[in-house]
Every structure is written in C-alpha cells, then in structure tokens.
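**Q** Since the structure of chain X is already known, use the hints to place chain D on it.
So the protein sequences, as listed, match chains X and D. The first sequence stops at residue 610 when you use the UniProt record's numbering, and every number in between is there. The second sequence stops at residue 610 when you use the UniProt record's numbering, and every number in between is there.
Simulated from the structure, these hints should not be mistaken for laboratory data. Where hints are given, some of them may not hold.
No copy labels: a pair is met if it fits in one copy or bridges any two.
[Unchecked claim] The calculated lysine to aspartate or glutamate pairs, modelled on EDC-like cross-linking and capped at a C-alpha distance of 20 Å, are:
#1 Lys491 to Asp329
#2 Lys491 to Glu431
#3 Lys578 to Glu70
Protein chains: 2
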Amino acid sequence: MRTGGGTEPVDVREDGVMPQLRIALAQVNASVGDIAGNSSMVLDWTREAVQQGAHLVAFPETVLAGYPVEDLALRKSFAAANRAEVESLAQRLQQAGCGDALVVVGHLDRDDEGVRNSASLLYDGRVVATYDKHHLPNYGVFDEARYFAPGFDLPIVRLHGLDVGVVICEDIWQNGGPVSALGEVGVDLVVCINSSPYERAKDDQRTPLVAGRAAEAGAPMAYVNMVGGQDELVFDGDSMVVGTDGQVLARAPQFTEHLLVLDMDLTAGGHTATTVPEPEVPAEGGMQFVPASRFLRPAFDITRTVLQADPLPGYEPLPAQPLPEPLSDEAEVWAALVTGLRDYVQKNGFRSVTFGFSGGIDSAVCAALCADAIGADSLYGVSMPSHYSSEHSRSDAADLARRLGCHFDVQPIGDMVDVFVSRLELSGLAEENVQARCRGVTLMALSNQHGHLVLAPGNKTELAVGYSTIYGDAVGGFAPIKDVPKTLVWKLAQWRNAEAEKRGEVPPIPENSISKPPSAELRPDQVDTDSLPPYEILDVVLDGYVEGDRGYADLVGEGFDAALVERIIQLVDRAEYKRRQYPPGTKITLKAFGRDRRLPVTNRWREVRP
Amino acid sequence: MRTGGGTEPVDVREDGVMPQLRIALAQVNASVGDIAGNSSMVLDWTREAVQQGAHLVAFPETVLAGYPVEDLALRKSFAAANRAEVESLAQRLQQAGCGDALVVVGHLDRDDEGVRNSASLLYDGRVVATYDKHHLPNYGVFDEARYFAPGFDLPIVRLHGLDVGVVICEDIWQNGGPVSALGEVGVDLVVCINSSPYERAKDDQRTPLVAGRAAEAGAPMAYVNMVGGQDELVFDGDSMVVGTDGQVLARAPQFTEHLLVLDMDLTAGGHTATTVPEPEVPAEGGMQFVPASRFLRPAFDITRTVLQADPLPGYEPLPAQPLPEPLSDEAEVWAALVTGLRDYVQKNGFRSVTFGFSGGIDSAVCAALCADAIGADSLYGVSMPSHYSSEHSRSDAADLARRLGCHFDVQPIGDMVDVFVSRLELSGLAEENVQARCRGVTLMALSNQHGHLVLAPGNKTELAVGYSTIYGDAVGGFAPIKDVPKTLVWKLAQWRNAEAEKRGEVPPIPENSISKPPSAELRPDQVDTDSLPPYEILDVVLDGYVEGDRGYADLVGEGFDAALVERIIQLVDRAEYKRRQYPPGTKITLKAFGRDRRLPVTNRWREVRP
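With the rest of the complex left out, here is chain X (with noise of 0.2 Å):
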C-alpha cells in the first residue's frame, strides 16, 4: 500500500541502465570515550574509500563515542563534545577532499527530549541529516531505555538521484518502525548502522533479519556492523549488503577492520511521499516499555533532501568480489576471544600480561589465546606450586610456555602459604583457599612491579558453579574465558592444536593438559569431580538453567536426575556473589552469567530449596 504520488519506480538515466553507487561500509574498531581518535579513524577511513570511488561511505552505530557508553552517555559534556565533533569532522572531511561522498556517522546527541543515539549523514562539509534511532533494546546486555530518547524523525537524502535512508541497529531487529515506514514512502537504499555485539552462531540470525527487512523496505539494505572488543563485548563485524531479493551480494569477513567497497545498480524509484498513509499497529513482542497495542502507531516526520538530483554517469564497475567462507563453530569462538582479549589489553594500555601457568587445561587455552592476540613475548607465565602441586603440573606448565615461546617463571608459594597457615592457625577450607590467595598476592606483586595485566583464567563452567576463591584464582582484571564452558574449553584447545598441525606449527597446548582430570589441586589428590558432577552433564544442565532459563521441573522433566538438578542449581543459585566480584570477560553468549545476569546479593530465592 503506497501512498499517492512517484512512487512508480522510473528509470532516470537516458541510456535505460539503471543508476550506479559504489558504497564502501567501514567496519572499524572505536574506542569507548575517544572522540577524537575515533573521529581521526573515520576521517582516515573516508578518505581511503573516496580515493577508490566510493560515493556512500558508512561507519558503525556510535562511531564516535564507542558502544556501549553506559552512564557516560548522561554526562552532558560528553554528548556535548559528541555533536561538536561531528560538525567539525564534516568540514575537515570537505576539507580532505571527501565533501562530495555522503558519511554516515554514528554519534550521541543530546537535546530537549534527552539523549540521542544518532546517525548523522555528512556531506558538503556540513551535517545534511541526522536520524535519531527508535528502537532502543532494554535487555540483555543492552539498557538502552536508561540512556537514550528514541527518535521520530526519518530523513531521506537523494544522492545521484537515489533515495537514501538510515536506520540504527535494533531499528532491524524490532518490527515496525522506521524501516516499515521507508518501505512505505519509498526509498532506493537503506543504510543500517550497528554496534551489534558478537553472539556464537548470531549469524543465523542476522543474514536472514537483514534480507527480510530489505524486502520490507523495498530496497537493498547495507549494514555496516562494528569490530573489536570492548570491555565484555566484542563486536564481529560480519557488514554486508543484501539485495531486495534477500541475496547477499558482498560480505566483510568477521572479527577484522575491513572496507567493503562494492558498485551497486539501484533502481531510482523518484520517490516524493513524506507521508506514511495510515498509522498502524506496531511492533508487537517487542522490548518497548509501553507495548505496543495500547498505542496507535506516531507518523515518522519524513522528510527529503535532494544533494544531487540526477545520476551519475555510467562508469565501469568493480569486480564483485567473493564471499568469505563462513567459519566453524570452534573458530569462530576463538577469533572472537582473541579479539576481546587483544583490544582490552590494548585499549587498556597494557603492553604485557601475566597469570598462573597451573598445568591444566583452563591457562593453557588462555595462554594460547594470548600468544594469537597478543605475541607470545608479551606473555609472562609464572608457575605457583604448593606442597600439593602434582608433579605434572610444574611439567605440563613448562612444556606450555616452551610451545608458545613465552616467558616462564616458577614462584613457589610454600613459604609464604605457611607462614600464614602456622600463624592463624588455618585448616580445611581456609588452607585451601589461602594457596590460591598467595598465588593472587605474587601474580598482583608481579603486576606492580613490572606492569603486567593480571589475567583470570577461569571457565564459565566454574565460576557458574562457585568452584573459585574469591582474591584468588579470580584476582585479574580480564577473564578470557569467562564466558566458555569447560566441555567447549577442551573443544577449543583440541581444535587450536589441530590448526596448528594443519600449518605444520607445534600445537600449542600440551596432550596432557587435555587429557588429565582437571583438578584444583588445593589439597592431597584433589580431582574436579569431589565437588562436581562430570562436566559432559554439569555443563548441558548449565545451559539449560541459565542460558534456557528452563526451571528444576523442566529440567526434571527432561530426564535429567532430579538430585543431579537439585545440586546444580543449588550451586548456581549459591554463587552469585562471587560471580559479581570476578573481573569482566568476553561474551560469546548475550544471555550469561556478570553484567546481563544482574542479581541481588542478599537472594533467599532458591529454585531449589535444600
């Protein structure tokens, strides 16, 4: 149902081809809070794609501010500094020569209404357009109802005599809004902006989302996603533009900056209407914090913006260039923990990092992350043994660091566990935990003296379960694998040694740290499994309760023994504290233990009761 008035799509161009773009979609790495920076990266960025033709260039969602900003978004000198920098950086864009390319760029904003997630459209040495983003996700890792005011304003710019709109993110991942109301009034493109976090196997998601909305738009749909790590998120990039038939016609490959630079032919559809013609129902099932059928749909306030009105002439196209081959499962996690791992070491400004080389299978895979993000030369292990420290344990360590080529330090720990165990006179538990608390003094101690970042090497699996000692084994200020269950953490190592062999390298995780029974070894012939259900289980049930948020009689239902389900909800239920205290980590899932996960300490709720 279109409105009245050119919308009959039309062939502008005498010679009867249909106009050409050549778009180029910026997948870069912003920093949080670095508006400068990150507006120097665009500036550079855009002047790369105009030297190769690009007549459209995009850039992530909240380019210049970084994603997510969190509270930094209410301070009003930040959003202030936000807008400031984006009419300044379209003049030193014109100034570099890029004035004629359209830039879409993502920044704060800030006005009567409140905060604004934006995307401006620059042009010409000034700000043409400026979309505010509608819909505003509110769950998960994301708050964006507590930052932000959504937008109502849609503007269309005609770029070569194509009609040009933009939305944000979540814009596409909600129905109705924005992108219904460009389909309705017309558009030949829509650019859709994002910071869309990594999530494992987010991609069968996203293409399909991505190609539905492009049909309901009636246009081909760009969408340009950042990369990078930040904080507990990392970002995969994955851009890619999507024909109205739902085809993917060029993808950026994952989890690295890239220009995707491709020559689109567009149908110019002359398109006039700025009015949607009947308000309709909205989004339903959506995040909305007023839902959505106790409202009448508002009217976008469309409005068009002519920058050139006539096509450009026929040029010779780029050759398309192939698709990336889609990664594996196991690939895909460990680029995305490498990236997470890489930038919050560098974005934090550490140049080196330190943690226990314990002989098991958690640190060895840490380890192994931090040579391929890091170099094996920024990497400190230290081997820690106590009295019970097994003798393969000191082996298994060194063999680590003699694979990855890292620095390697034994420290033993005895002297000063006894010292401590002989004076308050400690026992059971206590002196269990206190070897893990001289190991967290040495590992801070190293880190004081020498500037080294402390790493956590724990699993999701253990820390979803409280099997850790608080200033401990979970003293660090990144915790790289946080976020992957034990059974995955194995799957990984085995996975990064068969890598390695397929290149002819030496696998860097020694077989024995895979094979061995996994133990604390915190007191005499310690084994994982005198506290703990065998992870094959403990880890399905995991993912059924937390991830599933599947209850003790869902679970029992399923067939699962109901004492086994009692126990591991019981420890779950029991560890939140400690869950809050560990330092952040990379998120390969979006629903998961920390941050999105946020429960009250003081908690008498128990899906189990004892």
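**A** This is chain D only, laid out in the frame that chain X set:
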C-alpha cells in the same frame, strides 16, 4: 472536569457523619526471594492489624518478592511462585479470621505482555482485584523498564461505602497516569504502596509529593513504604497518611518496622464513573521510554467492584498518635547505615563480622556502626601492624576495642610481607600494596576459618579517587561506609560520640582517631595529603562532579582552582575499575558510584585530558 454521573460528593450515612475507616499501614522488612517468609510476615501483621480492628491493611510494593529483585524478575518460575502465593495467602488470611479486611499486597505477576509489578487486593479468601504498576522507573538504581510491562488497568473497590484506588511508588513520582485518572473518575481514598529507597534528605521531596498527589486525586493518600536493607539499598519506611488538604495525619518512624493504625473520617463520593473523559497529554519530563508528547494517553481500563456498599456503623475512633520527631541529618544517615549493615549481615546468614582495626577514623566508625547494628559481641577486630605502622595505630585500635567491648586480636603481617618482598624483589608501590594484600589474605583466612563476614571499611572519597588497594583494603563482602564522604565520616564520628555522652555512655570512637591526620601507613611517614587534596576541598569538588554532573568547565566557572579540578577529575575518571571490584555498601545517595553509575571499564573519555 469530572465525567457525568454520581460524582457529586454524597454523605451516604444516615446520621450525617462522614463514614469511618480504620486503616493499618504495615511498614515491614521483606527479604528478596523469600516468598514463603515474606508471606508469613504478611499473615502475622494482618492478624495483628485485624486484632486492632483495621478494615484495610496495606503492605509495601513487592512485599512477597522483596525489592529489588533484579533479574530474578525474568525467571519464569519465580513470577509463577509469586502469583501462586498471592492466591494461597488470600485463603490463609480468611482461615486466620482476616477475610473481612481488605489487604493490599505487592507481588510480581506475569502474563502475555510480560512481568508485572503488581498490587493485589485480597478479601474474603479471594484476590478481588489486581493493579499493575504503570510508571516504571528506569534511572539511578532502578531498571524497571528492563523487567516489567506497565499496567493500564485501574481497579477501584468500594469498601464499607468508600471507593479505594491503588497505585504503586513511581506512579506518584511522575506526572499524569493513574493518580490523575483516579482523580478524574473519583475515589475516596488512594493507597500507594512503595519500596522507595532511602536517600539523604529524601523526605524533603517525599512529603510534599504525597500531599500534591492527594490533592490531584481529590482524596487522602495512605502511603506505605518498605523498611530495612537489601544489598546496597536501604528503605527508611516513613509511611504516612496525608489528607486531601495536604495535612500529614499520621506517620511511622523511620528505619524500624511499624504498624501504623489510624481511624479516618472519609467522604463517600458514591462515584460511578469508569471512563476518563478526555485523553490527556501524558507526563512530561518523565522517565517513560516513549516520550509522552508523541502519543495520546491510553485510556485506563477502570473497573469498579463493590465489596460492601454501605458504610460502617459509627464507632469510637482511636486517639490520634503524635507524629514522630524528625531525625537530624547525622541521626538519619547513621540509622540508614546501621540498618543497611545489620540487614546485609543477617539476611546473608552471618552471625559475626571482622575487619582490620587500623586506628584510623574509617575503621573506628565502621566498628561503632557494627556495635549498634549487630552488637559488639559479634564484632572481631584485628590489628595487623606492619613495619610501617605507627605506635598510635596500635594503641588507638586497642582503645577502640576497649570502648566498644568487642573481640580484638593482633596479627602482625611483617613476616608474610617480608617473604613476598624478598622473593619477588618488590619495591615502591608493589611493596605498599603487598602489605594491604597480606591483610586481605589474613582477614579472608579468619573468615574461612571462623565464619565471620569480612567488612571493607573504605569511605566514598577514597573509592571515588581510587585511593585503595584492590584485593587489599578493598577485600570484604560489604562496605558499610562506601557511600559516605570522608568529611561526613568525621561528622558522624563526632555526632555518635556526642550522642553517647548525652546518654551517659562511653563515646565509642577514640578522640585521637578523629583528630589525627589520616594515613594509609604503607610507607614511612605517609599521610593521605601526600597523594590527595585536603578532604574539605576534595569532597566538595567530588560532590559537584559526581552527584551534580558538573563538568570541568562548570566547576572552574564556580571558582575552584583549575589545576585542582583537573587533578580530581582525572583521579575519578581512572578509578572506575577499582570501584567495580569493590563490594556492595549501603547507599545514602541515589546517584553515586557503584551499580547506578555504570561506566565502561575500557574508556578513553576523560573529562579532562592530562
């Protein structure tokens, strides 16, 4: 502008006297998650209220679930358990002989649109009506847009001839919405149930607000609030009944459980309207996700239920109780801190606490708080001198323990420190920090061995600027004075000592701990002012920057020294990671550091560049 029909105030009693009602506000202390325990509490308090002749008994917001439940709200089994408990509670109330009283109970609920923050009206063994909170706060410590769907149903019940409406907490803090709608259609009494966290001097806002809403509703408002500590929040109660003319008719004391019972003479309006005449423009400047100005206000679905059409026969009213004396600022803050600490300890199942007695003012004030909160016999102070500890640090610590009559132990840490320093060749900051960390290990070992909860006695000022050692003096499960600036710590100490003198008791805090210059004593002759500006200035600038959201330019414009402002802001901007790792502590401001100020860890934004 009333709608037609039955809105003329009528006196339906034959003797010409206004109908009476005895109402009871149950200012109780719920625990998050303890549905069964909270429900038993409702039963017990209702029984007591009914024994005192109450016809209407109101409990706080989400009294069955506790507040705040955070992500527990999203667990399906938890919302289902809430609903089941409400139904069961209605029956048990009737069985207990309370079926003739109207009982207003807050709880969670869940339907197709999402989770609800609800108030159910229980009567005669049934849930006769349920109201779902309409305005959902999503700022500061509140995340309700994340959890709840807003309600649009507005039940009004006629109890003994009087029309009673119910609203929940934020509903009175935003303009427009249910109170205004109740005013339009007509009610004789509004019950507002709350879990409204304490904030310093909040009552300056709260009382006029309740009075304003009573006027808007055209009916008295009975305001009942939660009391007690839950994680970082503390609820002060301060329940009250305010007449249509704004007069406070009755009031409960702060920070204590209390059953406020009073007789009211009400006007029976005989209202019958169920439609609000015109859609009004809704709240401005509110926290609604969708800006109000974009929508016409939805019509509330108003239902009227008659429980008893006729007024009660006249009876002898209870004598009016005198209003409690307002507390001084120091007395109010002290009571908040005592309440938050006591409930954190008790609700988490601890029976004793321990922390380092340094001889300084922070640990002295924390010790005095503990004595008031849980008793001196539950407090285990530990002096942990190092080589750099002064003689007065030991003697002041011992003096503190003597004054309070608490347990006291001396555990020198010199030997442990020496092993770390010599083995790891530590110097400078690394050597300073290892002392604080050996104290942390000592306290945690004592905790593991003896079951004490470790407290972290750091104050808000040092937390703001990062003047603490992570895994050192920041160790602990709870930080009692985390939200108290250093200058207020001194004031509280003086106030508490003066109170003791007034009562003829030994002042708990050694005079020397108040008067001596503060020092971390981690190197020879160290004092805080080596690293920090004087606290009198520091606290004022911090208050402007953090609580007042004033930036560098604002503060310099207010006359503060530019270099000093720059230095303080830089300290604050860089300390975010430490604040994140800090344990929870009672809030006395609602915009402060910690959970409600969520900044990214990796963050290159600096209010001031070096």
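**Q** Please go over all the hints and tell whether each is borne out by the structure.
**A** Checked hints:
no., hint, in the structure
1, Lys491 to Asp329, "within (10 Å within a copy, 59 Å between copies)"
2, Lys491 to Glu431, "neither (33 Å within a copy, 41 Å between copies)"
3, Lys578 to Glu70, "between (23 Å within a copy, 17 Å between copies)"
When the structure is compared with the earlier hints, a violation turns up for hint 2 alone.
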